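Please model the entire structure based on the sequences and the hints provided.
In our numbering, the protein residues as written are 429 to 668.
Read the hints as simulated data drawn from the structure, not as lab findings. Note that the structure is a prediction, hence the values are computed from the model and not measured. Nothing false has been slipped in among the hints.
Below 16 Å or equal to it, Euclidean Cα-Cα: the simulated EDC-like pairs (lysine to aspartate or glutamate) are:
(1) K536 / E565
(2) K555 / E529
(3) K556 / E526
(4) K555 / E520
Distance ranges between label pairs, derived from CB positions:
(5) L495 / G568: 24 to 30 Å
(6) L618 / M517: 51 to 57 Å
(7) S513 / I659: 52 to 58 Å
The beta carbon of each residue, even a glycine, is placed where N, CA and C say it ideally should be.
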Amino acid sequence: MQEKFIHNEKMHQVGGKYLGDLVYGANDGIVTTFAVISGAAGAGLSSGIVVILGLANLLGDGISMGLSNFLSLRSERDFHRMERSREYMEIEKFPHEEREEVRVALRKWGITEEHIPVMVESITRDKKRWVDFMMVEELGIVEDRIDSPLTHGFMTFAAFLIAGILPLIPYLFGVEEDLQFLVSFMATALALFAVGAARSLVIKMPWFRAGLEMLMVGGLATGAAYMMGGIVKALWGIVI
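Encoded structure:
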C-alpha cells in the first residue's frame, strides 16, 4: 500500500522562520562566553572576576547581536520596498521600455520569438506580477518574507543569552574551584556540538559533521583566548 504524503508548506515556514536566529545566536553565545572564561582562566584570574567578565560579555554581546540582526533585516526589508516602489513608478512612466526589458529577459531564458509576445502580455497584464518579475530578472532581488525584524532580533538575543550562560554555570552554582574550568569546558563542548549539529536544519550538512565543525571552531577560539590570557599574565605580571 502506497503511503500518502501531504506536503504542508505552512508547516515548513512556521518551523523554520526563526531557526537560523536561534542556532547562530546560541552558537555565538557559547563561543564568546567560554572564550572570555578561557582568557580569564589562562590569566589565572579569580572566579569572581570570571563571573563579572562572563556576565558583562553575555549581556553586552547579546544586545549587540540582537540589535545587529534587527537593523540588518529592517534595512534589507526597507531596501526591497524602496526598489519595489521604484519599479512600480517605472512601469507607470516608462511602460514601453519596461516591456522591452521583459522581452530581453525572456530571450535570455531561451524562449523563442514566436512565444515571447504572448508571455510578455501575460506578465505585464498584472502590475504586481510584472513588478515581481522585474525584481528578480532586472535587479536580481529574491525577496524573503521578513515578518518582524524586531522578533528576529529578540530571538537572536534570547538564544545568545540562554546558551551563553551554560559555560558560566559552574562558576555561579558552587562547583569546587579546582573543577570549575573543567566542568565549564565539558559543558561547553557538549553544547557546542549539540547546537552545531542543529545547524544541519539550516544548512545542507550532515548533523555529525556540522557538530564537529562548530566544536573545532569553538575550540580554536577558546584555545586562542586561553593562550592570550597566559601571555598577558606572563608579559605584564597581572595577578588578581
